[in-house]
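Chemist: Line by line, the protein sequences are chains A and B.
For reference, each letter of the first sequence is one residue, going 5 to 230 in the numbering used here.
For reference, each letter of the second sequence is one residue, going 4 to 383 in the numbering used here.
Hints in this document: simulated from the structure, not taken from any laboratory.
Cβ coordinates follow ideal geometry from the N, Cα and C atoms, glycine included.
Among the clues, some could well be false.
[Said to hold, decoys possible] Listed below are the simulated EDC-like cross-link pairs for lysine to aspartate or glutamate, each with C-alpha atoms no more than 20 Å apart in a straight line:
{"id": "1", "chain 1": "B", "residue 1": "63", "chain 2": "A", "residue 2": "194"}
{"id": "2", "chain 1": "B", "residue 1": "62", "chain 2": "A", "residue 2": "124"}
{"id": "3", "chain 1": "B", "residue 1": "342", "chain 2": "B", "residue 2": "194"}
{"id": "4", "chain 1": "B", "residue 1": "342", "chain 2": "B", "residue 2": "267"}
{"id": "5", "chain 1": "B", "residue 1": "112", "chain 2": "A", "residue 2": "124"}
{"id": "6", "chain 1": "B", "residue 1": "63", "chain 2": "A", "residue 2": "124"}
[To be verified] What follows is a set of in silico ranges between Cβ atoms, one per label pair, in the way DEER data are often shown:
{"id": "7", "chain 1": "B", "residue 1": "106", "chain 2": "A", "residue 2": "135", "range": "15 to 23 Å"}
{"id": "8", "chain 1": "B", "residue 1": "67", "chain 2": "A", "residue 2": "136", "range": "25 to 33 Å"}
{"id": "9", "chain 1": "A", "residue 1": "81", "chain 2": "B", "residue 2": "113", "range": "49 to 57 Å"}
[Claimed, not checked] Okay, the calculated bits of chain B under chain A, using three or more residues with CB under 8 Å as the criterion:
{"id": "10", "segment": "14 to 23"}
{"id": "11", "segment": "82 to 92"}
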Amino acid sequence: MTTETLVIILLTLKVASVAILVVVVPATILGYLLARYDFRGKNIVSGLVGLPLVLPPTAVGFLLLRLLAVDGPLGSDAIGFDLGFLLTWKGAVLASGIMAAPLVVRTARVTFEGINPRLEMMARTLGHGRLSTFLNYSLPLARRGLLAGVILGFTRALGEFGATVTIAGNIPGRTQTLASAIFSAQQAGENKQAYSLMIIAMVMGFIAIVISEVLSRGRGQYGPSR
Amino acid sequence: MNERTPQPSWDRLLVDVELSLDRFKLEVSFETQSQVTGVFGASGSGKTSLLETLSGLRKKAKGTLQLGDETWLSSGTFLGPEDRNIGYVPQEGLLFPHLTVQRNLETGKKRALASGHDFETTLAQVVEILELSPLLNRGITTLSGGERQRVALGRAICSGPRLLLLDEPFASLDLPLRRRLLPFLNRVRHEFQIPMILVTHDPIEVQALCDDLIVLKSGKVLVRGEPRRVLSDPKVFSLADRSEFENILPCHSLGQENGASIVELGDPTIRNPDPPVRLVVTRSEGNPGDRLFLGIPSHEIMIATQKPVGLSARNLLPARILSLKAEDAVGIVTVSLTKSLPPLAIEVTETTISSLGLQPDLEIFLVIKAASCRLYNAGN
Chain A
5 MTTETLVIIL LTLKVASVAI LVVVVPATIL GYLLARYDFR GKNIVSGLVG
55 LPLVLPPTAV GFLLLRLLAV DGPLGSDAIG FDLGFLLTWK GAVLASGIMA
105 APLVVRTARV TFEGINPRLE MMARTLGHGR LSTFLNYSLP LARRGLLAGV
155 ILGFTRALGE FGATVTIAGN IPGRTQTLAS AIFSAQQAGE NKQAYSLMII
205 AMVMGFIAIV ISEVLSRGRG QYGPSR
Chain B
4 MNERTPQPSW DRLLVDVELS LDRFKLEVSF ETQSQVTGVF GASGSGKTSL
54 LETLSGLRKK AKGTLQLGDE TWLSSGTFLG PEDRNIGYVP QEGLLFPHLT
104 VQRNLETGKK RALASGHDFE TTLAQVVEIL ELSPLLNRGI TTLSGGERQR
154 VALGRAICSG PRLLLLDEPF ASLDLPLRRR LLPFLNRVRH EFQIPMILVT
204 HDPIEVQALC DDLIVLKSGK VLVRGEPRRV LSDPKVFSLA DRSEFENILP
254 CHSLGQENGA SIVELGDPTI RNPDPPVRLV VTRSEGNPGD RLFLGIPSHE
304 IMIATQKPVG LSARNLLPAR ILSLKAEDAV GIVTVSLTKS LPPLAIEVTE
354 TTISSLGLQP DLEIFLVIKA ASCRLYNAGN
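So here's chain B without its partners, still in its complex pose (with noise of 0.2 Å):
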């Protein structure tokens, strides 16, 4: 639903890889061509070994790694970490704590320019998008988890990579500080076209972000698909943080009514014949036509196989069954609100499933409270 008109085409990132871990043995095998491309799974699945692998820092990884025309990795090749034109952005920040933002910011430029870039521009550009220019003369034990972890993507993009590799880059924050992160993320993957590879376990930044998704578990490829479909998926379900799912759908402020906010569900600048969604949401958030992500946890979906009337909750949406599966008591539906909006996974019980006589491209309503919907700035 991140669709931009015209859509530029991404290096083929080609990956075929083994490494022996402690625990288990790394085995990845995958072709991307996305703009972004999630890796997620539980933590201890491999993920963090899978990015390092593909930035160089695994020395002992056998296989084949590709980007375009570049070989990284082969039997007779091993191309260190310097060259293979990446921006790495690991969990921790890693800082060079004897350098300003500004020095900090800089460490790539050598290799920039080496590759055509235009610094100067990429950096002014990095500095007004993460919202940098207060912290530029500051030095790095000064700053904040979330400051840092903007100055480190912020480093990444400015040394020109071909691939931006982010490990996580706002797990170690909290959760709230997390959310005010996820626009900068999202503006970076719009202002930037450079192809990323993000891993997370986080189900919202899967969902606001990637293009493509692939599931670990002990280092073997789980499920790889589109993300929504992959994470409504009971397999990959389980593994979501904490098992409470929250359904991302783009989405744009219509403005605000008696302290609640009226969104309208999917992108404005892409037409579609499709009626409009509407919900309303009692938070505020935003100026009318600013984009948000609205974020419904799929245990706060009610589902209606007829019109309810007399409701409190202030949402009912029409909308078809696309699947059911269950695993462990818990089923999971799938439901479509409109051929272009992406659907939307509820949570309900296995006996639900048999009681409301519930199966694909039943037509059923959907009943949502305005109190559990969430709205997050997209940044754009």
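Isolated chain A, as found in the complex (with noise of 0.2 Å):
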């Protein structure tokens, strides 16, 4: 393996690993809060969440670009500094978390409303606060399931290539990942190339699907661990 194919492989691990720990937490509230609680505009909260799903990713990388840019309303003209965004890995970083987050998202909701919610309440009545009901009920009752939407987040980050390239570029070395270069490496005929950094590509998908399979699998229906 070169040296180059190398960093590609690190920087995006790096991309899709810093987008996710970004990503995890405030994700899993908001499922949280979407599955338990009813408030006001809690349709379009869940609609503007999930719009990354179904939208083209350049065109959420071009609205990051617009709001990003020096003239655009989060730019250096409109705030006084540049937030750092455009052509770094921190670009990068911004554009994968914002496509992976809808299936966090999606996934910690759907997994908490299956939870019996009068568990919850039971948990209250012991005298735990709803903080306390959360972090050491809900979150444990709902493990298997967050972990396996934080896989699914995972690995859509690593192959985010539309909403990447539009607003951090594609320059190898600095925030060139796995799907830009096999694209590079396609559009410049080296085919070569493209193959071995598909079958990288492949490679990590399907060890990301084991651990997800090994994770849903290991404890059976909150038997005993033994």
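Reconstruct the complex from the two isolated chains, following the hints.
Modeler: In structure tokens, the structure reads:
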């Protein structure tokens, strides 16, 4: 494996990992709120969060680009300093995080909806406040579904191309990830490089799927851990 | 009849609440200082909603709720379930499936310690009284229905509650199993000095456990009072399970004879001047001295206005009529065996009352076949 390929792999893993770490906590909380509470504008929140799933990734990338451009509402002209997302690895994190978030929120929401809310009420009658109930009962009860959502989001971030390439570009060694490297190799007619990158992508995806399978089967139906 | 001396004084529970439900409005108002207050009624009468209101799970409830000096609900106050110091045992147990039995029992530890309870002692006592030690390391999904409910009861007690709220804790179980769990509740009643609200539609549980009874119908209090008197009210009688009403009397075994048990009614620890009342029961249960409950279905008791001779039935008891009530062609005669024993309800037809000339204060004889009586373990 060339140093060049290794750099691509490491950058891809770094971008996807940071993206999922940033996304997981707010996405889980949002999934819980959507599952448990009725509030004004709930459908709008739910729709906005799901939007990246249905939009072309390049549209999401273009929207981010306009927001973050020097003359955009979040650009240096408006807020006085540069947020540093354009053409950087942080931009790739932002783009893949936004594209992965809906999957994590949705899985979390469905998982929490599958947990009997009366179990949480039970915890409260035993003296646990809302936060303690969430941390000690809701989260552990939901852990397998949440992990599945995280892996799903991580694999989505690994393969993100359209939005990432729009705001972070495709700069070898700086913002080029597996997805954009395969595209470049194919465009340049370097089929050998494209093949090897594709195989690496397949192996990484396969490992993620196996891990999620193992996690979901590791413990039977909440049986004792023996 | 479950009196123990000296009786501690229980915190006063004041309930005056309103809650709109789908089919009717729950409007309940009562005060109680009994150790076990029963809430009785057909399904859909608002029993569970009342209990959920007491536990703080119904945020839309309005009115007043107080336990002792603590206000849970008033016009400006709403305490959440975590601040009410209650132990709630729902019908379906609701054990935490990600924890073992032991860990389930420990889920209220923090609260118990914070309210000054000796958690470890209570836990040990709960494990012993509810016979949980073989289950402690088991996962929840491996437990049977009866085991789950015992764990749920134990978990509530371990959290050091000031009030136990039991929502038909054994209703989901089949009848024989339910009867086997009755002694556990009775032991809890005697061993842990915690007042309880017991929601049930089982007259046997009511008579065996409750000191005070509230009957709900369509969200309103229909009748309230001493459990046996309330149950023999024709309005309530018809709400009982399947209309088969069983009188439940505390008794103890005197031993066995030819495969039948001889029991003496009443509590042997309470002295009273009344002559002992003994019955023959064709089912052997318990050893001499064991505390039991005797069950006699109300329609299995015959009334004679003169002492009959040459009877095949083995129990002939003198009694005195307390009251007569009739509704829908069914007559209910309540009778007293002795002053210290709870009254019995006897189901007859309305015509029997007139043809036998039954009236209050009439001295009569009760004829009861040994095979009509059932014995239940009272658990201590």
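Chemist: None of the hints should be skipped; say for each whether it holds.
Modeler: Consistency of the hints with the structure:
1. 63/B x 194/A: Violated, because 68 Å separates the two Cα atoms, which is more than 20 Å.
2. 62/B x 124/A: holds, 15 Å
3. 342/B x 194/B: Violated: residue 342/B and residue 194/B sit about 28 Å apart, past 20 Å.
4. 342/B x 267/B: Distance ~15 Å between residue 342/B and residue 267/B Cα, so the pair holds.
5. 112/B x 124/A: holds, 17 Å
6. 63/B x 124/A: holds, 18 Å
7. 106/B x 135/A: 15 to 23 Å: holds, 20 Å
8. 67/B x 136/A: 25 to 33 Å: Hint holds: Cβ distance 28 Å, inside 25 to 33 Å.
9. 81/A x 113/B: 49 to 57 Å: Because 53 Å falls inside the window, the suggested range holds.
10. 14 to 23: violated (count 0)
11. 82 to 92: Coverage by chain A holds here, the residue count being 8 at a Cβ distance below 8 Å.
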